[in-house]
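Construct all of the structure, not just a fragment, from the sequences and the given hints.
Chain residues, written in single-letter form:
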Amino acid sequence: MSVGVVWFIGVSAILFGIGLTGVLMRRSPLLILLSVELMLNACNLSLVAFSRNLGQQDGQVFALVVMAIAASEVVVGLGLVVAMARRHAELDVDNLINLRH
Amino acid sequence: MTYEIVFAAAAALAIVSGLGVVLSGNPFRSALWLILNLVSLATFYLLLQSDFLAAAQVIVYAGAVMIMFLFVIAYLGGAGDEPSRDLPLWQFGASLVAGIALVAEVIIAIVSESFPGAPDVGPNFGSAQAVAGPLFSTYLLAFEVASVVLLAAAVGGVVLGAVRPSPRAPGEREPFPERVREAPLPELQTLVMGRETHIEVHHTGGEEDDS
Amino acid sequence: MQTLSVICLFLPLAGTAVLALANTRISRPAAAWLGTAVAFVSFLAAVAVFFQILSEGESQRTHVFHLYTWAASPSFTVPFTLQIDTLSVTEMLIVSGVGSLIVMYSVGYLHGDPKERRFFAYIDLFLFSMLLLVMAGDFVLLLAGWGLVGLSSYLLIGFWHERPEPVEAAKKAFVMNAVGDVGIAIAIFFMVRDIGTTNYGQVFAQAPDVWAKGSADANWVALLLLLGAVAKSAQIPLHTWLPDAMEGPTPVSALIHAATMVTAGVYLVARAHPLFENAPNVMATTALLGVATLLMAGVIAIVQTDIKRIIAYSTMSQIGYMFTAVGIGAYSAGMFHLLTHAFFKALLFLGAGIVIHALADEQDVRKMGGLAAALPRTKVLMWIGTIALIGFWPTSKDQIMASAMEVGSTTAWIVWVGGLIGALLTGIYATRLMRLVFYGEQSEFVKEHLHEGHGEAPWVMFWPVAALAAGTILTGFLSIGFGAPNYIADFLSSSIPNVESTAAQDVLTTLIAWALGAAGGLAVWRLYGTPGAVPKLRARFAPVAIAAEHKFYWDELYTLIAYRPAQFVAVTLDKVVERWIIQGSITALTLTVRDAARGLADAQSGIVRQYAAVFAFGVVIVGAYLLTKANL
Chain L
1 MSVGVVWFIG VSAILFGIGL TGVLMRRSPL LILLSVELML NACNLSLVAF SRNLGQQDGQ
61 VFALVVMAIA ASEVVVGLGL VVAMARRHAE LDVDNLINLR H
Chain R
1 MTYEIVFAAA AALAIVSGLG VVLSGNPFRS ALWLILNLVS LATFYLLLQS DFLAAAQVIV
61 YAGAVMIMFL FVIAYLGGAG DEPSRDLPLW QFGASLVAGI ALVAEVIIAI VSESFPGAPD
121 VGPNFGSAQA VAGPLFSTYL LAFEVASVVL LAAAVGGVVL GAVRPSPRAP GEREPFPERV
181 REAPLPELQT LVMGRETHIE VHHTGGEEDD S
Chain X
1 MQTLSVICLF LPLAGTAVLA LANTRISRPA AAWLGTAVAF VSFLAAVAVF FQILSEGESQ
61 RTHVFHLYTW AASPSFTVPF TLQIDTLSVT EMLIVSGVGS LIVMYSVGYL HGDPKERRFF
121 AYIDLFLFSM LLLVMAGDFV LLLAGWGLVG LSSYLLIGFW HERPEPVEAA KKAFVMNAVG
181 DVGIAIAIFF MVRDIGTTNY GQVFAQAPDV WAKGSADANW VALLLLLGAV AKSAQIPLHT
241 WLPDAMEGPT PVSALIHAAT MVTAGVYLVA RAHPLFENAP NVMATTALLG VATLLMAGVI
301 AIVQTDIKRI IAYSTMSQIG YMFTAVGIGA YSAGMFHLLT HAFFKALLFL GAGIVIHALA
361 DEQDVRKMGG LAAALPRTKV LMWIGTIALI GFWPTSKDQI MASAMEVGST TAWIVWVGGL
421 IGALLTGIYA TRLMRLVFYG EQSEFVKEHL HEGHGEAPWV MFWPVAALAA GTILTGFLSI
481 GFGAPNYIAD FLSSSIPNVE STAAQDVLTT LIAWALGAAG GLAVWRLYGT PGAVPKLRAR
541 FAPVAIAAEH KFYWDELYTL IAYRPAQFVA VTLDKVVERW IIQGSITALT LTVRDAARGL
601 ADAQSGIVRQ YAAVFAFGVV IVGAYLLTKA NL
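Each protein sequence line maps, in turn, to chains L, R and X. Those letters in the first sequence? Residues 1 to 101, per this note's numbering, in order. Those letters in the second sequence? Residues 1 to 211, per this note's numbering, in order. Those letters in the third sequence? Residues 1 to 632, per this note's numbering, in order.
Possibly wrong hints are sitting among the right ones.
[As the list claims (entries may be wrong)] With a Cα cut of at most 25 Å, we get these calculated SDA-like pairs of lysine to any residue:
id : chain 1 : residue 1 : chain 2 : residue 2
1  : X       : Lys213    : X       : Pro274
2  : X       : Lys629    : L       : Gly10
3  : X       : Lys447    : X       : Arg377
4  : X       : Lys379    : X       : Leu450
5  : X       : Lys536    : X       : Leu424
6  : X       : Lys629    : R       : Ser112
7  : X       : Lys115    : X       : Phe174
8  : X       : Lys551    : X       : Arg163
9  : X       : Lys536    : X       : Gln442
10 : X       : Lys629    : R       : Ala109
11 : X       : Lys115    : X       : Ser27
12 : X       : Lys629    : R       : Glu105
13 : X       : Lys629    : R       : Glu113
14 : X       : Lys629    : R       : Ile107
15 : X       : Lys629    : R       : Ile108
16 : X       : Lys629    : R       : Val6
17 : X       : Lys629    : R       : Phe115
[As the list claims (entries may be wrong)] Residues on chain R that point at chain L, a partial pick, calculated with CB under 8 Å:
id : residue
18 : Ser95
19 : Pro134
20 : Gly161
[As the list claims (entries may be wrong)] Computed far set for chain X versus chain R, every beta-carbon distance over 12 Å:
id : residue
21 : Glu58
22 : Ser59
23 : Leu148
24 : Asp194
25 : Gly196
26 : Asn281
27 : Ala360
28 : Asp361
29 : Trp383
30 : Glu441
31 : Ala624
Calculated from the structure, these hints are not laboratory results. No residue lacks a Cβ here, since even glycine has one placed at the ideal position from N, Cα and C.
Take a look at the structure:
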């Protein structure tokens with residue numbers, strides 16, 4: 001690869017930052033989930049980049065497993081969103097404070 | 001040369017689509033931006049000679065997960081939109097600060113570090129076989145655990161999606177739990193010390209048992 | 001004799017213990033009679049000891065029984081020692097004899113009271129304490145008995161504790177007695193420091209050597225003992241508790257505050273006479289205090305309206321006579337008056353109790369009158385007591401004054417004059433009491449309420465009073481005066497000295513005293529027989545009358561100089577130290593913890609985005625820290 005690994009990591013960092021900002025800024029659980037996906041993918045990118053940099057496939061295996069876990073997480077998350085919607089709750093994360101002291 | 005151009009293009013696409021996910025007003029649009037982002041990442045993977053992963057990314061992520069998202073967004077319709085209240089400025093600022101700070105830290109970290117050059121690898125570097133090797137030997141446990149997690153997620157999805165018949169008139173709301181009200185604390189002093197003591201003549205009243 | 005003394009002393013204590021433990025398991029009459037029986041058996045033991053003493057020769061009449069060692073340290077031991085000699089056996093007889101009669105009377109007086117059993121437990125406790133006091137052979141043991149009688153007095157004054165007045169009176173009595181207790185304790189410290197023991201025999205033997213006569217130390221020891229005696233015997237200046245103590249039941253007033261406890265001060269001075277003779281100034285002080293008290297109390301008694309308080313001030317006055325006696329060295333004369341006074345004062349109190357009972361617990365003499373027909377036997381008995389009080393028979397009071405003539409010092413002449421004026425005052429108030437209660441027209445109150453009361457006394461109340469009357473008359477024969485043999489002084493001579501007056505002095509003094517007493521009595525009789533005479537007389541002497549009715553403002557004085565400062569200190573301590581500092585600091589601590597906890601709890605807002613933000617910022621900060629640590 002003729003582009004240094006630093007560039008890949010840089011892109012990954014930027015994507016991660018964008019995703020983080022999205023998580024903190026948004027109030028709809030759906031959009032938060034999307035932002036989390038973004039963050040996860042950014043991590044995947046850096047994993048694969050380092051994997052190539054080291055010449056081993058370990059990073060790719062890691063990224064594969066991350067993909068699987070991300071998929072499970074999305075399933076559960078969307079299940080929650082659908083359950084909330086079915087109960088006619090306003091999909092606003094700021095209202096869901098039952099874990100308050 | 002082509003490599004760099006493709007990289008630049010993919011990078012630009014990734015960043016723009018990332019911004020699109022976060023800044024878009026419409027969840028549907030956000031999902032579509034995310035798909036674009038995933039595709040750009042797949043390009044990255046190809047640039048990194050991880051073809052199996054690129055394929056998996058497109059098929060699984062972009063093809064399955066995002067479709068799931070789109071289904072739910074379509075089902076929710078307007079309910080999936082961002083709630084209408086505005087974000088206070090300080091929260092907006094804080095989020096930005098957090099994101100930018102993190103990015104800055106990572107960039108500083110990697111820039112000051114010198115990474116060794118990438119070794120030359122054969123054409124089978126990112127093939128399915130190559131990935132499967134470590135996956136099924138060194139990282140077998142991770143593989144198995146991931147399977148269990150997927151199973152759990154599947155079960156969870158079914159449970160969460162189950163419709164419970166409720167003895168309620170159609171159209172009537174199931175009550176959503178109220179906020180827990182804060183219970184007032186009694187006057188702490190009375191709680192700890194009991195009633196106040198007074199200096200006064202103590203008149204014993206009442207009968208004691210005969211003596 | 002040791003066994004008998006121990007029985008006499010400890011049987012009442014056993015009675016108290018049994019009554020306290022049995023509590024409601026025995027019936028009230030059973031408890032009452034048990035308490036009485038114990039007192040009577042104790043008296044029989046005392047009588048046996050008396051006869052044993054009588055049968056001995058004069059020089060052998062002092063016995064010291066060492067029962068066991070209470071406290072022992074290398075330099076100082078406190079043995080539990082009884083000293084049985086003529087003085088202590090006389091006191092034993094008085095305490096247990098008059099005591100058992102009064103306890104028997106209480107069976108009737110307290111009948112039906114819901115707390116009857118407790119009363120008898122307390123009374124037996126008192127008998128034990130008083131016997132311990134007079135049988136002690138050691139100053140520390142004396143102080144133990146001293147404190148215990150103070151306790152018993154407190155418990156019995158405040159017996160009806162549902163009302164606030166008895167509670168206040170009990171506290172007042174106890175606190176004032178405590179002042180006296182301190183005096184005795186400090187005197188004991190002197191003894192321990194300078195003599196090394198508090199045993200009577202050794203202290204009295206060594207005192208003149210260790211403390212020179214009239215020296216500061218000698219004066220201090222005697223003065224401190226006098227302080228204790230003054231507090232216990234209700235002499236000026238520690239006398240204000242005695243009238244208030246009348247809140248207790250009448251038998252208590254009779255036993256404790258007339259016959260026995262209040263005379264403990266006189267006993268102390270007589271017992272410790274070597275120490276007092278070592279400090280002549282203090283003896284003079286004692287005599288002068290006695291004179292002042294007997295005069296003041298006599299004046300106050302004239303204007304009192306509560307039948308028990310008249311008798312209480314009379315007690316105070318008569319004890320003043322006893323103090324003058326021991327103050328001039330006539331110890332046996334003082335003890336003789338103590339003996340006769342025990343009988344006739346108890347008689348007067350118990351008789352007053354019968355009157356009170358008959359009028360359904362009314363004690364105001366202004367509401368009485370004309371009871372002679374309704375209570376004839378009581379009237380007769382009380383006249384016997386009144387005659388004794390004024391000094392016609394027995395002549396113990398007159399003999400004190402005659403002894404003063406014999407002593408002849410300035411102090412003694414003051415005693416003589418004061419005593420005679422006191423005889424006049426005694427005649428006045430004693431006759432006034434009888435006149436107001438028994439004679440004249442039956443008042444409206446009497447007509448209404450007489451039938452509500454218990455009528456003239458039941459036998460269990462009457463016969464003790466009759467016995468006391470008989471005792472009053474009989475004790476007079478122990479020393480008739482006018483040169484006749486003085487049996488009591490002879491008997492007591494092995495323990496305490498006396499000043500014998502000549503026959504001539506006796507005759508002179510006694511006749512003057514009788515004349516003055518009779519004059520006072522007759523004047524009162526005529527005065528009350530003439531309608532309107534008394535208010536006119538009062539108006540003429542209004543300032544004196546008002547001062548007397550206010551008991552010469554002693555209570556107000558003590559409230560000002562003692563009670564108010566103490567109350568101020570207590571209130572300030574409570575407001576500042578207790579509430580502010582102690583409680584306040586604890587409260588501040590708890591409030592601080594609570595507020596801190598609340599503040600921390602706000603972090604658990606339940607808002608997911610807040611948690612995420614905290615998370616993110618945490619990562620940023622840790623990352624920044626790591627970056628600074630890395631070698632960039």
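Tested hints:
1. Between the alpha carbons of X:Lys213 and X:Pro274 the distance comes to roughly 10 Å, so the proposed pair stays at or under 25 Å and holds.
2. For a cut-off of 25 Å, the pair hint linking X:Lys629 to L:Gly10 stands: about 21 Å separates their Cα positions.
3. Our distance criterion of 25 Å between C-alpha atoms is met by X:Lys447 and X:Arg377, whose separation comes to about 19 Å.
4. The suggested pairing of X:Lys379 with X:Leu450 holds, with an alpha-carbon distance near 15 Å, which does not exceed 25 Å.
5. Note on X:Lys536 and X:Leu424: the hinted pairing holds, with a Cα-Cα distance of about 21 Å set against a maximum of 25 Å.
6. At roughly 13 Å between alpha-carbon atoms, X:Lys629 and R:Ser112 fall within 25 Å of each other, so this suggested pair holds.
7. At roughly 22 Å between alpha-carbon atoms, X:Lys115 and X:Phe174 fall within 25 Å of each other, so this suggested pair holds.
8. For the suggested pair X:Lys551 and X:Arg163, the alpha carbons sit about 23 Å apart, so the restraint of at most 25 Å is met.
9. This hinted pair checks out: X:Lys536 and X:Gln442 have alpha carbons roughly 22 Å apart, not beyond 25 Å.
10. Distance check on the hinted pair: X:Lys629 and R:Ala109 sit about 11 Å apart at the alpha-carbon level, within 25 Å; holds.
11. Distance check on the hinted pair: X:Lys115 and X:Ser27 sit about 12 Å apart at the alpha-carbon level, within 25 Å; holds.
12. Only pairs whose Cα atoms come within 25 Å are accepted, and X:Lys629 paired with R:Glu105 is accepted, the gap being roughly 13 Å.
13. Distance hint between X:Lys629 and R:Glu113 is fulfilled; the C-alpha atoms sit about 14 Å from each other, no more than 25 Å.
14. Taken as a hint, the X:Lys629 and R:Ile107 pair is honoured in the structure, with Cα atoms around 16 Å apart against an allowance of 25 Å.
15. Pair hint X:Lys629 plus R:Ile108 holds up; C-alpha atoms about 13 Å apart against a cutoff of 25 Å.
16. Between X:Lys629 and R:Val6 the alpha-carbon distance is near 37 Å, which puts this suggested pair outside the 25 Å criterion.
17. The straight-line distance between the Cα atoms of X:Lys629 and R:Phe115 is roughly 19 Å, inside the 25 Å bound, and the hint therefore holds.
18. Satisfaction of the interface hint for R:Ser95 is found here, the shortest Cβ-Cβ separation to chain L being roughly 4 Å, below the 8 Å cut-off.
19. For the restraint placing R:Pro134 at the interface with chain L, the shortest Cβ-Cβ distance is roughly 5 Å, inside the 8 Å limit, so the hint holds.
20. Evaluation of the R:Gly161 hint against chain L yields a held restraint, the C-beta minimum of about 6 Å falling below 8 Å.
21. In this structure X:Glu58 is separated from chain R by more than 12 Å, as the shortest Cβ-Cβ distance comes to about 48 Å.
22. Even its closest Cβ contact with chain R, about 50 Å, leaves X:Ser59 beyond 12 Å, as expected for a residue assigned away from the interface.
23. Every Cβ of chain R is farther than 12 Å from the Cβ of X:Leu148; the closest lies at roughly 20 Å, confirming the non-interface assignment.
24. A cut-off of 12 Å between C-beta atoms confirms that X:Asp194 is not in contact with chain R; the least separation is 43 Å.
25. For X:Gly196, the non-interface assignment is confirmed: its Cβ lies about 45 Å from the closest Cβ of chain R, beyond the 12 Å cut-off.
26. Non-interface status of X:Asn281 relative to chain R is upheld: no Cβ of that chain comes within 12 Å, the nearest being about 42 Å off.
27. With 12 Å as the threshold on Cβ separation, the claim that X:Ala360 sits away from chain R holds: the shortest Cβ distance comes to roughly 22 Å.
28. Distance to chain R confirms X:Asp361 as a non-interface residue, since its nearest Cβ pair spans about 19 Å, more than 12 Å.
29. Look at X:Trp383: its CB is around 38 Å from the nearest CB on chain R, clear of 12 Å, so calling it non-interface holds up.
30. A cut-off of 12 Å between C-beta atoms confirms that X:Glu441 is not in contact with chain R; the least separation is 39 Å.
31. Not every Cβ of chain R is farther than 12 Å from the Cβ of X:Ala624; the closest lies at roughly 6 Å, contradicting the non-interface assignment.
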